[in-house]
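*Asks:* Could you build the full structure based on these sequences and the hints that come with them?
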Amino acid sequence: MQLDSKIPEGPLAEKWEKHKFNVKLVNPANKRKYDVIVVGTGLAGGAAAASLAELGYNVKAFTYHDSPRRAHSIAAQGGINAAKNYQNDGDSVFRLFYDTIKGGDYRAREANVYRLAQVSVNIIDQCVAQGVPFAREYGGLLANRSFGGAQVSRTFYARGQTGQQLLLGAYSALSRQIAYGKVKMYTRSEMLDVVVIDGQARGIVTRNLITGEIETHAAHAVVLATGGYGNVFYLSTNAKYCNVTAAWRAHKKGAYFANPCFTQIHPTCIPVSGDYQSKLTLMSESLRNDGRVWVPKTVEMAERVRQGQIKPQDIPEDDRDYFLERKYPAFGNLVPRDVASRNAKMMCDEGRGVGSTGLAVYLDFSDIIKRTGAEAVSQKYGNLFAMYEKITDEDPYKQPMRIYPAVHYTMGGLWVDYNLQTTVPGLYATGECNFSDHGANRLGASALMQGLADGYFVIPYTIGDYLAQTPPKPVDTNHPAFAESKAYVQARAEQLLSINGSRTPDDFHKALGHIMWEYCGMARTAEGLKKAKGMIQQLRKEFWQDVKVVGSGEEMNQALEKAGRVADFLELGELMVDDAYNRNESCGGHFREEYQTPEGEALRDDENYAYVAAWEYQGDNQPEKLNKEALTFENVKLTQRSYK
Amino acid sequence: MSWITKTFTSSIGRKIIMSLTGLFLCTFLVVHLIGNLQLFKHDGGAAFNTYSHFMGTNPIIRTIEWGLVLGFGFHIYEALMLTRRNKAARGSQGYVSNHSEQNSEWTSRNMGILGTIILIFLLVHLYNFFWRARFAGDLPRMGGADPLTRDYDNLYLAVVSSFHIWWYVLLYVAAQISLGYHLWHGFRSGFQTLGLNHRKYTPIIKYVGYAFAVVVSAGFASMPLYFFLFTNADGELAANAPALLQSVAAAF
Amino acid sequence: MAGSNPNAKPMNLTLKVWRQPNRQAQGKIVEYQVKDISPDMSFLEMLDVLNEDLLHAGQDPVAFDHDCREGICGSCDLFINGRSHGPEKGTTTCQLHMRKFSDGDTITIEPWRANAFPVNKDLSVDRSAFDRIIQAGGYVSVNTGGAPDGNEIPVPKEIADRAFEAATCIGCGACVAACKNASAMLFVSAKVSQLALLPQGQVERKTRVENMVAQMDKEGFGACTNIGSCAAECPVGISLENIAILNREFLAAKAASNNLA
Chain F
1 MQLDSKIPEG PLAEKWEKHK FNVKLVNPAN KRKYDVIVVG TGLAGGAAAA SLAELGYNVK
61 AFTYHDSPRR AHSIAAQGGI NAAKNYQNDG DSVFRLFYDT IKGGDYRARE ANVYRLAQVS
121 VNIIDQCVAQ GVPFAREYGG LLANRSFGGA QVSRTFYARG QTGQQLLLGA YSALSRQIAY
181 GKVKMYTRSE MLDVVVIDGQ ARGIVTRNLI TGEIETHAAH AVVLATGGYG NVFYLSTNAK
241 YCNVTAAWRA HKKGAYFANP CFTQIHPTCI PVSGDYQSKL TLMSESLRND GRVWVPKTVE
301 MAERVRQGQI KPQDIPEDDR DYFLERKYPA FGNLVPRDVA SRNAKMMCDE GRGVGSTGLA
361 VYLDFSDIIK RTGAEAVSQK YGNLFAMYEK ITDEDPYKQP MRIYPAVHYT MGGLWVDYNL
421 QTTVPGLYAT GECNFSDHGA NRLGASALMQ GLADGYFVIP YTIGDYLAQT PPKPVDTNHP
481 AFAESKAYVQ ARAEQLLSIN GSRTPDDFHK ALGHIMWEYC GMARTAEGLK KAKGMIQQLR
541 KEFWQDVKVV GSGEEMNQAL EKAGRVADFL ELGELMVDDA YNRNESCGGH FREEYQTPEG
601 EALRDDENYA YVAAWEYQGD NQPEKLNKEA LTFENVKLTQ RSYK
Chain S
1 MSWITKTFTS SIGRKIIMSL TGLFLCTFLV VHLIGNLQLF KHDGGAAFNT YSHFMGTNPI
61 IRTIEWGLVL GFGFHIYEAL MLTRRNKAAR GSQGYVSNHS EQNSEWTSRN MGILGTIILI
121 FLLVHLYNFF WRARFAGDLP RMGGADPLTR DYDNLYLAVV SSFHIWWYVL LYVAAQISLG
181 YHLWHGFRSG FQTLGLNHRK YTPIIKYVGY AFAVVVSAGF ASMPLYFFLF TNADGELAAN
241 APALLQSVAA AF
Chain H
1 MAGSNPNAKP MNLTLKVWRQ PNRQAQGKIV EYQVKDISPD MSFLEMLDVL NEDLLHAGQD
61 PVAFDHDCRE GICGSCDLFI NGRSHGPEKG TTTCQLHMRK FSDGDTITIE PWRANAFPVN
121 KDLSVDRSAF DRIIQAGGYV SVNTGGAPDG NEIPVPKEIA DRAFEAATCI GCGACVAACK
181 NASAMLFVSA KVSQLALLPQ GQVERKTRVE NMVAQMDKEG FGACTNIGSC AAECPVGISL
241 ENIAILNREF LAAKAASNNL A
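Protein chains in written order, with my numbering: chain F, 1 to 644; chain S, 1 to 252; chain H, 1 to 261.
To be clear, the hints were calculated from the coordinates, so they are not data collected in a lab.
In this text the structure is predicted, and so the values were computed from the model without any measurement.
Among these hints, one or two may not hold up.
[To be verified] Short derived list, chain H residues pointing at chain S, Cβ under 10 Å:
1) N81
2) G82
3) T108
4) E110
5) V176
6) N181
7) A182
8) S229
9) A231
[What the hints assert, rightly or not] Just a sample of chain F residues kept apart from chain H, beta carbon distances all over 12 Å, derived:
10) K15
11) K24
12) S67
13) G90
14) A173
15) E215
16) N289
17) P316
18) R326
19) M346
20) G455
21) P471
22) P505
23) E629
24) Q640
[To be verified] Now the stretches of chain S that chain H is said to cover, found in silico as 3 or more residues with beta-carbon under 8 Å:
25) 95-105
26) 220-229
Even for Gly, the Cβ is constructed at its ideal location relative to N, Cα and C.
*Replies:* So this is what it looks like as structure tokens:
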């Protein structure tokens, strides 16, 4: 199939306006005759469900959580970008667009990103009107901060809980529509298949996580807002339930999966403390504004710290290596996420890592504490320091924090066109679960922006275009395709329950995570990826022979849920490795060791790889087919990043 | 149901009635305590009897008395309603292990028990003084020419004699301790329920409430203790009473 | 392998866990032993160890709700040794670490107990009553698209900060669980005060509080008796002041609204 991104003609700044005029409209009286399914109720899904219901569509919303307020959007700390230029510091829609394209290392679509920057301003207005308590100046106007190395202050925030406040805003809008009866909310329902009839998405199959009942739901269109797949690494900053299952089942039903290897590693996370570790916790990027990153100069000294023979604060200045400041004098500790992460890994690979595992570097605040006093530091970072101490039992006022990179976000996802429609007509993907806006690397404070842009301001227009061309006839679940999907879902659960092997789903998940982190993590090589592919195939085989799930499918069974998700991760993992192997360049979050500048920076190959890799499912255990969507850049000049 | 009944049968509505009646009863306590302080006057009960006669005959007081009955009635009724609702809210299966003492004050969790002790006391107290004075008519009479106290009950003597019965004194003191704890939580709780919470005034209300609880309960408890420990059957200071009391009594 | 403290000794613990197969079934406390628990583990990681052991032994793992494991999503909800979210103040269960316990301890783990929070299975409860309360009015009725510029609604910083503090409620239900009366007043008051404080919330101020309180009562939560357990156990420190604001808002709305029903 030829990929058609459906980017509107015309100058960049006018594309969205024109497109909004050109899309077909559904007669207001007819809107109530259309049913739309929204899967996932985070920022993208919650916003979409509420907005579509406000327009008059009948919405059915699904979440595997016990409430739509719990999605992982809630955990975003830093803020949300918007090109408001409230600070009079030279921001504009074009600058936000430019920063996003450049930050994404020129692997995102210009038109999508420009639209994102355009609607960013509406998001702030919408959220303020909902009562989201953004930070304010003393004059009562909205406050901004500069975030993630941006040259302008365009980030809106609500202390360290911006994601929470924005999600609660979307949740309140959704709650209102539930009360009106325009949204039927299905909580604790996990989507396990998309139903495609005559090439069009017509419904989903879900499992009720309390009763175990497999249910079918029909609609005229299906919107997936099911988040990212960072948990393929087992350890990530994602919530425990985050998974790829919904997106993966859609992929198997014909939706292409784009750029799966583009994963973002965040440099400032609390390091792993033991095998039992279940997830990683992010420390806000803002800490790098004042903290200095270092490791001991020598392996011997590092060994002594690891053994607990010397405390980090007692290591003399001369024996410390402030490696970011040494290698990048201009940007120092504020180099972008991927650069900071890779350098930390290099230090640990050299044997100079700290902590009992040797997989950590120091983030030291003693200088700023000396300069401004502990009180001033506490004002700025008090809650983060407290959280760090709670988890590690170490006081960052007295000894440097230990940090290490961790998987944080996935830029890849379901391929969508300008309308956010996947390659399956009637099936849409919004938020982190699509690939669209961040290219190979996402800027700080842009995830919240994209989720809400898709949900509030894009999908309500673009889905109408599709529905207007679909007859408003009622859809029901009597079509044999529903029974077929249901049978598939049931059979799969039964198969998982019947294996009765010796290893738990978590055990397999951890094994997969190790492979992914080792070979498809911060730095990748062709050789390593080839090896990983074999290992994943082997692990997947073992999984289907040896996984252990007890109980039945007709009850609340968290091990069964987990097993199903791990099974999908085991398939996705292989595709990520394929994609990373195929992309013979380094860009953004994808770093192939073979492709780097003499200074060790990512070396892009714009001539051969300025495309979106959209993978097409070909059947179980078949190699997937690569489709390419060429990226053309008419408004920005492609440059090599440099932070020296 | 009209909006009025709906309002006052809602959880917050019931609480508001609890609070209003509770604070009203607090004002009653103040009046009652000030009146009762007449007991300490060394005049053979003249002032106290004048006061009790006034309370028993003044039409305004007699009218307000009905307010008091309603105040108690609603306070108790709402307490029962709320307790029933709150018990049901926990559900049939309670906690196997619950350490609420680690997150709240004992008094605030036991207002019902404290209130019940106070209620029992109240019934005995009402029978002993109010009922006998007003309806039973079996109290000692004053007699004499004074138009105010003529033929009226000598309540002073009734009080003094009651305060020489050990179990009555014990009940009285126990009830006052309960009242103290009840007020310790109840006073500021009343303001909180009415929404009278302010960063400036709430701390003041809290400490005024504590002081109120201590002063009122100690004030009431001091009476039976004083008469039981230090006076004879007529309410006159016993010879063996501490010198300090002797000199204070002499000053009045 | 301990991260922060190489000398931390692993612990052996006895767990008394509430087990209940489903909503209708009778539940009971079952005792388990867990071994070699690192003090650096979180409480939920300790339960993960138990569940892996149970699964290996062919037994049904203990069901419990959790997700973000960084104290913000509000999913985790365990009543540990008689306290909501366990012994540490201002902490959700997922952020509680085993170093707060000692080798040989017996730990009792129960689900939230409230009539309005029926048990789904083991330690997982149904908190959808909270959602229905929000649905009754915990929002500002603005449709997507019609909002004025964000800076057209100035909000004094002090008000914005107070509204924010109320808005940080994570909806975990620890307040209900800790309250002797299983009252949801702290939860309801947090949302009511957030929106009563902000200019955006003024239009629906009266109907909001009336409807939310009516729904709260309908769900069967208890009444507040100002005990304060809720605020003491709240992992994000929602203040009792909010309950006073709720009372005030309710009284004012009932007195002044045109709603005769």
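*Asks:* Beyond 12 Å from every chain H Cβ: check whether that's true for G90/F.
*Replies:* The claim stands: G90/F keeps its Cβ more than 12 Å from every Cβ of chain H (closest is about 18 Å).
*Asks:* Please check whether the beta-carbon of P471/F is more than 12 Å away from every beta-carbon in chain H.
*Replies:* It holds; P471/F is separated from chain H by about 27 Å at its closest Cβ, greater than 12 Å.
*Asks:* A closest beta-carbon separation below 10 Å is what the hint needs, so does T108/H meet it against chain S?
*Replies:* holds (4 Å)
*Asks:* Compute the least Cβ-Cβ separation between N289/F and chain H, then decide whether it is above 12 Å.
*Replies:* holds (21 Å)
*Asks:* Identify whether the interface hint at G82/H stands, where standing means a beta carbon of chain S within less than 10 Å of its own.
*Replies:* holds (3 Å)
*Asks:* Measuring Cβ to Cβ, find out whether S67/F lies farther than 12 Å from everything in chain H.
*Replies:* Label violated. Min Cβ-Cβ 5 Å, cutoff 12 Å.
*Asks:* Mind verifying the non-interface call on R326/F? Its CB should be farther than 12 Å from each CB in chain H.
*Replies:* R326/F is indeed farther than 12 Å from all Cβ atoms of chain H, at 27 Å.
*Asks:* Against chain H, does E215/F keep a CB gap of more than 12 Å to every residue?
*Replies:* Holds, since 17 Å exceeds 12 Å.
*Asks:* Is the claim that K15/F lies outside the interface with chain H correct, judged by CB distances over 12 Å?
*Replies:* holds (19 Å)
*Asks:* Should the interface hint for S229/H be scored as holding, given a Cβ-Cβ cut-off of 10 Å against chain S?
*Replies:* Holds, because the Cβ-Cβ distance from S229/H to chain S comes to roughly 4 Å (cut-off 10 Å).
*Asks:* Tell me if N81/H is really an interface residue toward chain S, meaning its C-beta lies closer than 10 Å to one of theirs.
*Replies:* holds (6 Å)
*Asks:* Over 12 Å from every CB of chain H: does A173/F meet that, or does the non-interface label fail?
*Replies:* violated (6 Å)
Consistency with the previously given hints fails for numbers 12, 14, 20, 22, 26, ordered from lowest to highest.
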